[in-house]
Amino acid sequence: MSSRHFVIIGNGISGITFARHLRKGDDQARITVISGESPYFFSRTALMYVYMGQMKWEHTQPYEPHFWKKNRIDLKQAWVKTIAFETKTLVFESGETLNYDVLVLATGSKPAFFGWPGQQLMGVQGLYSKQDLESMEAITSQPMERAVIVGGGLIGIELAEMLTYKKIPVTFFVRENRFWEQVLPESEADLVQKHIREHAIDLRLETELKEILSDAQGSVRAVVTSTGEEIPCSFVGIATGVTPNVDFLKNTALEIGKGVKINSYFESSVPDVYAIGDCAEFEKPPGLGRKNLEQVWYTGRMHGETLAYNFCNKPVTYQPGVWFNSAKFFAIEYQTYGWVSAEPMDGVQDFFWEHRDGKVSFRMSLDQEGKIVGVVNLGFRLRHEFFDRAIREKWTGEKVMQELGKGVFDPEFYAPYHLDIQAAYQRQFGGTLVPSKKSFFQKLFGASQ
Amino acid sequence: MRGIQGIGLVLFLLGMLVFTALPFLSSFRLTEAMVQDQVKETHREKLAELLQPMYGQSYSSTHAFLSAYSSNFDPYNEELKAKQAWDQVIWDDYGFALAKAAGEGPARAYPWTSLALSIGLVVLGGVLFQFAGSGSAHTSLAHTGVFHSSLKNRGLLGMLTGTYLIGFYVILYWFPAYLSPLVWMVEPIAQFLSGGPASQWFLYGLVYTLAIGVMGIRMVLKYRDNKYQQLRTASVVFFQTAFAFLIPEVLVLLNKPYFDFKNIWPLDYDFFYDYQIDTFLSSGGVGLFMLIWGILLIVIGVPVFTYFYGKRWYCSWVCGCGGLAETVGDGFRHLSDKSLKAWQWERWMIHGVLALAVIMTGLTIVNYFSSFSLLGQVTNQLHSFYGFAIGSAFAGVVGTGFYPLMGNRVWCRFGCPLAAYLGLVQRFKSRFRITTNGGQCISCGNCSTHCEMGIDVRAYAQQGQNIVRSSCVGCGVCASVCPRGVLKLENGPEEGRIHEFPILIGNDSIKLRS
Chain A
124 MSSRHFVIIG
134 NGISGITFAR
144 HLRKGDDQAR
154 ITVISGESPY
164 FFSRTALMYV
174 YMGQMKWEHT
184 QPYEPHFWKK
194 NRIDLKQAWV
204 KTIAFETKTL
214 VFESGETLNY
224 DVLVLATGSK
234 PAFFGWPGQQ
244 LMGVQGLYSK
254 QDLESMEAIT
264 SQPMERAVIV
274 GGGLIGIELA
284 EMLTYKKIPV
294 TFFVRENRFW
304 EQVLPESEAD
314 LVQKHIREHA
324 IDLRLETELK
334 EILSDAQGSV
344 RAVVTSTGEE
354 IPCSFVGIAT
364 GVTPNVDFLK
374 NTALEIGKGV
384 KINSYFESSV
394 PDVYAIGDCA
404 EFEKPPGLGR
414 KNLEQVWYTG
424 RMHGETLAYN
434 FCNKPVTYQP
444 GVWFNSAKFF
454 AIEYQTYGWV
464 SAEPMDGVQD
474 FFWEHRDGKV
484 SFRMSLDQEG
494 KIVGVVNLGF
504 RLRHEFFDRA
514 IREKWTGEKV
524 MQELGKGVFD
534 PEFYAPYHLD
544 IQAAYQRQFG
554 GTLVPSKKSF
564 FQKLFGASQ
Chain B
31 MRGIQGIGLV
41 LFLLGMLVFT
51 ALPFLSSFRL
61 TEAMVQDQVK
71 ETHREKLAEL
81 LQPMYGQSYS
91 STHAFLSAYS
101 SNFDPYNEEL
111 KAKQAWDQVI
121 WDDYGFALAK
131 AAGEGPARAY
141 PWTSLALSIG
151 LVVLGGVLFQ
161 FAGSGSAHTS
171 LAHTGVFHSS
181 LKNRGLLGML
191 TGTYLIGFYV
201 ILYWFPAYLS
211 PLVWMVEPIA
221 QFLSGGPASQ
231 WFLYGLVYTL
241 AIGVMGIRMV
251 LKYRDNKYQQ
261 LRTASVVFFQ
271 TAFAFLIPEV
281 LVLLNKPYFD
291 FKNIWPLDYD
301 FFYDYQIDTF
311 LSSGGVGLFM
321 LIWGILLIVI
331 GVPVFTYFYG
341 KRWYCSWVCG
351 CGGLAETVGD
361 GFRHLSDKSL
371 KAWQWERWMI
381 HGVLALAVIM
391 TGLTIVNYFS
401 SFSLLGQVTN
411 QLHSFYGFAI
421 GSAFAGVVGT
431 GFYPLMGNRV
441 WCRFGCPLAA
451 YLGLVQRFKS
461 RFRITTNGGQ
471 CISCGNCSTH
481 CEMGIDVRAY
491 AQQGQNIVRS
501 SCVGCGVCAS
511 VCPRGVLKLE
521 NGPEEGRIHE
531 FPILIGNDSI
541 KLRS
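Residue numbers (this note's numbering), protein chains in the order written: chain A, 124 to 572; chain B, 31 to 544.
Some hints here could point you the wrong way.
Said to hold, decoys possible - For lysine-lysine, the following BS3-like pairs were computed, each having C-alpha atoms within a straight-line distance of at most 30 angstroms:
| hint | chain 1 | residue 1 | chain 2 | residue 2 |
| --- | --- | --- | --- | --- |
| 1 | B | Lys257 | A | Lys193 |
| 2 | B | Lys257 | A | Lys384 |
| 3 | A | Lys561 | B | Lys257 |
What the hints assert, rightly or not - Here's a subset of chain A near chain B, in silico, CB distances under 10 angstroms, partners left out:
| hint | residue |
| --- | --- |
| 4 | Gln177 |
| 5 | Pro185 |
| 6 | Gly364 |
| 7 | Val439 |
| 8 | Phe509 |
| 9 | Lys561 |
| 10 | Phe563 |
It is worth saying that the hints were derived from the structure and are not from the lab.
We treat Cβ as the ideally placed atom computed from N, Cα and C, and that holds for glycine.
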């Protein structure tokens with residue numbers, strides 16, 4: 124318990140999770156959260172839904188404004204210009220200052236730009252912040268001939284969906300030979316690519332952006348591809364990944380690599396300064412197969428939880444559990460639990476099943492002993508608790524298959540895909556697997572596979 | 031397809047126009063024979079005398095007719111009231127019956143044509159619009175654009191629609207005489223089904239059933255790859271059509287009491303009223319069965335079904351109010367208020383109405399068995415207050431009229447005493463819950479935004495906590511709209527249903543409550 128002043132820069136998922144948990148564990152601490160982007164915590168993942176008229180801005184805010192007052196978490200909307208670490212003072216762009224006892228950097232990330240000619244033109248942007256959303260809404264409020272998206276990952280496909288909602292024709296550049304190449308195995312990428320093209324997206328694989336051309340007013344007129352093709356367009360969405368938002372911390376006492384360098388206690392090179400979330404770069408990967416930079420929602424949240432715990436209890440090192448992630452590609456949901464390699468690997472055997480309509484698939488990776496190491500599922504839902512346990516306890520593939528019915532998380536009356544998956548597994552691997560039977564309701568309502 | 035959709039819209043609007051215009055195209059001519067025919071024996075002579083000046087006169091509008099009726103009839107009643115001769119006052123309102131008898135106009139002369147050109151065009155246009163507009167979008171993309179819509183986001187169209195609906199309900203409940211021309215066009219159907227004349231309630235029942243049917247088609251198309259939504263939509267359409275609309279009429283044809291077998295006290299607030307009990311007891315075996323059936327639903331049906339399936343078995347699979355909310359009201363679901371404040375109001379209001387209904391019914395029953403010696407006619411006043419404030423104003427005018435303003439479940443959330451009862455069972459003794467899928471929530475808020483009951487689903491999901499709330503009607507839309515596969519409606523063991531100390535899966539450093 125302390126009455127130290129904790130100052131958190133950044134009100135995203137990691138900063139806010141930290142603040143909330145700190146308050147739960149420490150009634151005395153003074154807590155201030157600083158953000159220039161927005162007065163209240165909002166869910167970055169929902170930006171696309173605001174654009175598509177599926178939500179309003181206030182719906183993105185998980186806590187009502189009175190929550191912060193009740194929990195004595197002071198919010199300050201301002202941009203930090205510099206930090207004087209030796210005097211523990213923040214200097215804001217307004218010239219105002221604020222002192223801290225403990226500083227938590229949760230500044231997130233920003234879209235990565237790779238120095239393309241013309242990248243500063245009007246109509247070229249990423250999609251990360253509230254301001255990005257506002258700018259995209261303004262630019263695309265007028266009908267336009269075409270938009271171009273650069274980058275075959277999660278933000279790229281979100282942008283494609285958003286622009287499609289506005290009925291703007293889209294050309295989508297993917298540098299690699301398939302969509303989300305670092306993560307999705309080839310069959311899954313194929314499935315997603317077909318789905319992208321069904322939405323009349325002009326998907327260009329192995330295509331890079333070379334240059335963005337300007338009109339007389341300094342707005343985008345066209346882009347030029349790596350093959351020299353010129354594509355007229357009025358909007359260019361940059362979705363080539365994100366990079367830690369640490370520019371204002373460079374050339375200070377703080378050690379910076381790609382992000383703020385931290386150890387497994389989230390401690391930076393400067394005493395009483397910590398970093399969590401997207402802006403934090405671990406010196407050593409926090410677990411087997413994990414990366415030094417983990418820039419996803421879930422890990423940001425876990426960083427916040429763990430660091431807050433450490434201030435209220437005997438500090439522990441950050442130890443993430445079984446990996447999991449999820450996304451959505453237009454209508455097709457994606458989930459993954461554990462470790463599935465995008466490329467075939469020695470000593471790992473994959474079981475893959477795809478539904479005949481090409482919208483649903485399941486992959487399970489098994490180690491040399493036939494034990495589950497991970498799954499990837501598209502178009503249907505699997506239960507986190509089930510697969511977390513199966514992977515942790517190293518179930519055999521056959522046992523996972525036998526119990527698969529319990530691992531399905533689709534709504535009631537949905538097609539029982541697990542029956543089909545079990546049958547396919549048995550055909551491929553044999554064994555003593557007894558496929559489940561259709562339930563009474565599945566027969567009654569003709570749930571088809 | 032856009033062209034067909036446009037045609038659908040035009041037909042729909044034309045039908046609405048005819049429906050709205052028909053009451054204005056009628057004239058009225060009253061005769062003494064009509065008064066003799068429509069008025070109770072006890073009032074017959076007096077009314078025939080009072081209305082003498084109207085006989086043979088032609089009135090060109092409902093308003094003119096009703097004004098004349100009032101100016102001839104009211105002074106008599108006022109005088110009796112002034113003298114406090116309460117037992118002689120004529121409490122019955124003959125306005126509707128006489129207006130219907132005296133009416134002349136296209137709807138009466140050509141009922142089938144009028145019906146086809148009004149309700150028929152609305153239905154045809156509505157169905158065309160839905161089919162042509164369904165496009166190829168996937169279910170999970172079906173909620174885009176609602177906040178860019180004037181109709182669905184309290185824009186001008188939303189306000190106009192709300193005003194029209196509110197106006198319709200006010201007229202229906204308190205000025206039904208204005209609807210008498212419309213009632214004429216459904217007279218042949220009523221005669222066919224029940225062998226009797228049509229009332230404003232028959233008209234309302236028919237329109238209500240058709241609305242659920244047409245908008246039910248919309249639901250099935252919108253959720254074309256969501257079997258849960260399709261099945262529950264089919265279910266509410268079935269229960270409305272068969273149980274709420276057809277069976278009661280056929281019962282009347284067979285000389286049995288009018289009865290909706292799926293309506294349950296205290297939503298069916300007059301179930302224990304003395305005249306109802308008398309009807310049941312004087313209708314032989316069928317009447318007795320209705321009484322026992324109704325009581326069994328209350329004491330066994332509600333707790334048992336709710337224990338196994340949650341209150342959704344009723345609210346979003348069977349109930350008529352729920353049926354309308356889930357079909358006609360589906361496009362307005364996101365307008366519900368999610369604030370903590372609204373939840374506080376909700377709990378006071380809905381349980382207040384439940385308490386009121388229970389007290390009123392208790393007094394009614396005690397009074398009945400004491401042969402009215404205990405409270406005399408006081409229960410009647412209580413009944414008329416409840417009927418006015420809750421049965422008509424809240425359930426009807428606010429419940430449906432406010433769809434475009436406050437969402438489609440205003441009545442179910444803030445007012446329905448049966449929902450309160452079902453909710454208490456669901457909260458404290460049920461296998462139903464919405465399961466949160468481990469740590470997969472990204473706090474995006476789609477679930478909360480599209481919850482028609484205003485439940486902040488995200489508040490639970492983001493801390494890995496199952497959602498167990500008395501108000502949840504189990505519509506399943508949160509699970510459908512979730513982009514990360516986090517929510518699932520489930521019936522399961524009571525143990526572990528409520529997570530007091532939820533733990534988010536995925537962080538091995540610590541195990542702490544969110």
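Hints versus structure:
A hinted pair counts as satisfied when its Cα atoms are at most 30 angstroms apart, and B/Lys257 with A/Lys193 does not qualify at roughly 43 angstroms. With a C-alpha separation of about 50 angstroms, the suggested pair B/Lys257 and A/Lys384 falls outside the 30 angstroms cut-off, and the hint is violated. Restraint check for A/Lys561 and B/Lys257: the C-alpha separation of about 16 angstroms stays at or below 30 angstroms, so the hint holds. Hint status for A/Gln177: holds, given a least beta-carbon distance of 5 angstroms to chain B, under 10 angstroms.
A cut of 10 angstroms between beta carbons decides the hint on A/Pro185: the least distance to chain B is about 5 angstroms, and the hint holds. With a least beta-carbon distance of about 19 angstroms to chain B, the hint placing A/Gly364 at the interface is violated under the 10 angstroms criterion. With its C-beta approaching chain B no nearer than about 5 angstroms, A/Val439 sits inside the 10 angstroms limit, and its interface hint holds. Annotation: interface hint on A/Phe509 holds; nearest CB of chain B at approximately 9 angstroms, less than 10 angstroms.
The restraint placing A/Lys561 at the interface with chain B is violated, with a minimum CB-CB distance near 14 angstroms, outside the 10 angstroms limit. Restraint check, A/Phe563 versus chain B: the minimum CB separation of about 14 angstroms is more than 10 angstroms; hint violated.
Against the hints set out earlier in the document, violations occur for numbers 1, 2, 6, 9 and 10.
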